[in-house]
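Q: Got chain A; can you put chain B on it based on the hints?
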Amino acid sequence: MVSDFFYPNFGGVESHIYYLSQCLLKLGHKVVVMTHAYGKRSGVRYVTNGLKVYYVPWRPFLMQNTLPTFYGTLPITRTILVRERISIVHGHQAFSTLCHEALMHARTMGYKIIFTDHSLYGFADVGSIHMNKVLQFTLADISQAICVSHTSKENTVLRSGITPERVFVIPNAVDTAMFSPAPNRLSCDEIVIIVVSRLVYRKGADLLVEVIPEVCHLFPNVRFVVGGDGPKRVRLEEMREKYSLQDRVEMLGAVPHSQVRSVLISGHIFLNSSLTEAFCIAILEAASCGLLTVSTRVGGVPEVLPDDMIVLAEPDPGDMVHAIRKAIHMLPNINPYVMHSRMKKLYSWHDVAKRTEFVYDCALQSDDESLLQRLPRYLKCGAWAGKLFGLVMIVNFLLWRLLELWRPAESIEEVPDLVLVQNEHQEPMQDFVEARD
Amino acid sequence: MSRGPASNNKYSYNHLNAKGPSEAIDVHDITVKKSRLRIFLSYFGAAVFLTATFYLVALKELCISSIWIILVCFSLAKVLHHKPVKKESVMIMPAFGVQLETHYWSGRVIRRFVPISKILKPVLNECVTPVTCYWSLALILRDEVELMLVFQKLQPPVRMLVPVWKALCAATDCKRNQHHLNLCAVLVSVYLASDTD
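Chains as they are written, first to last, in full-length UniProt numbering: chain A, 1 to 437; chain B, 1 to 197.
Chain A with its partners taken away, still in its complex shape:
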């Protein structure tokens, strides 16, 4: 698994990679994660169940992304792929430069590659245009692609020009064991609405500023709890001051991931006001905790929950207030425990891992191709871009051959599979030596 985004960063992509890797380990596969170093955290680390993570010491330069040097990561990628006996390289998130570079190198070296897209992107602004071109390059020669919702599949196919038959849709899941409802049901006298998200423009913090005073005015028994931090927090504080809602709106600041559940179970309704979402894991977590969700009808959100667990609204303050009113009326009929057991059946990471395994099998069955057979796919990408992409791949191929001459693959020692033993007196490295001989 390759991505710029992994633990110790917290987010949708990071937890997706982590949970998927854990479930694949349980299915018996070998998983290695490659990401860039986070501060002092660099080198090889083992996380739960022996998942090996390579924190490659390349400096991040912009928003947690490694500096894109095109060919700089070729030696370390090649070393890791050879020493760990990798068969498939799975990259995550279009915004990750390390992912694109590693997929390019892996393809040059003949490995099968898979890409998972986690977000929706636009088409109009300069940043998006460049990002889409890079994505087109990576997906030109990909074995298979995965998207987290049908809306996301449509978006990816339009942005990159890949054939839809190659794209699989595997929704994210939620750890229902961690997100369970409160043991005692909350009373409905005072209704608590929870908002937990980064307070940025994309997540609709401006909508919140309009909606909260309106709702507080219409429903005197409603209280808000806002968790999360970001540039728009100032606007929310100003709103609190302006309408004197200090006792009705509680601002928690940044909530660590381990405490999200305790914040969620203190409320009845979860409010999500994002302006764009490919798939919203936050509402899955809320539903798993037994909260009724009110959300904006954007992106892949309508595909996530059944209609009786979510109330959708247009991203417009008036419509959202109307939706909150509807949710408050629905509240007495909601049983958190029934919701939680439904979520357990609907979403599970083991199911995601099995479906991903199927995609891996499809990828492995595709034929091995030489550089000459693959180049035409790059040349089709555009008048100028196609030739540039073809050139980039040829240079990458030549550099790889040079590296093979200088440091042959036989000189890279393979890492034996370490067996994790709980008994401290046993010598685990004995397995080490036997595996090598």
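Be aware that a few hints might be false.
[To be verified] Simulated DEER-style distance windows between Cβ atoms:
1) A:Phe61 x B:Thr51: 37 to 45 angstroms
2) B:Arg38 x A:Phe61: 51 to 59 angstroms
3) B:Arg38 x A:Arg45: 51 to 59 angstroms
4) B:Arg38 x A:Arg355: 46 to 54 angstroms
5) B:Thr51 x A:Pro408: 26 to 34 angstroms
6) B:Gly107 x A:Glu414: 20 to 28 angstroms
7) A:Phe61 x B:Ile67: 23 to 31 angstroms
[Stated by the list, open to error] Chain A regions said to be covered by chain B (calculated; three or more residues, Cβ under 8 angstroms):
8) 34 to 48
9) 51 to 65
10) 333 to 341
Keep in mind that the hints were calculated from the coordinates and are not lab data.
Beta carbons: idealized from backbone N, C-alpha and C, even for Gly.
A: Here is chain B on its own, set in the frame of chain A:
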């Protein structure tokens, strides 16, 4: 005396187990094979660099391209540079200590002694650099933050490191048995190497 047969085209490994008057002394050697080609290339690289520098300085033209040429020749010389290390050896004296020696081709020997009580555990590390990943053997010392590398100058392959590691573990284990330590079964720690010399 027993010999280890492991060798590759750059390093060769030897294990001498001499029986002293009262206890066995274990000696593990890793010798660098003398390669004329490497010595020639190293002198060639240095010669190119020095010639280029003197030529450009003598001509008194220090523009950007000449600085680039000097830099390129310098990196070429650095890459081709041949380390003057002849062999590195580890002498394990059980219940007493471990002596780490570095022998150079010029005859110089650098020795470091580590008493057995100072060693907490010998570990095999995977070191990750921006361009590669390799194994190294290091000792975790009591009361010290830094790990001590057993083979400071050489980077032998891991199949040569494993017997040395096992011998070091055996030597430190006998001493350590009275101290009950709760160590995790897989002890692989991280060491970021800044250069790959």
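Q: Starting from the hint list further up, note which numbers the structure goes against and sort them upward.
A: Violated hints (numbers, rising): 2, 3, 6 and 10; every other hint is consistent with the structure.
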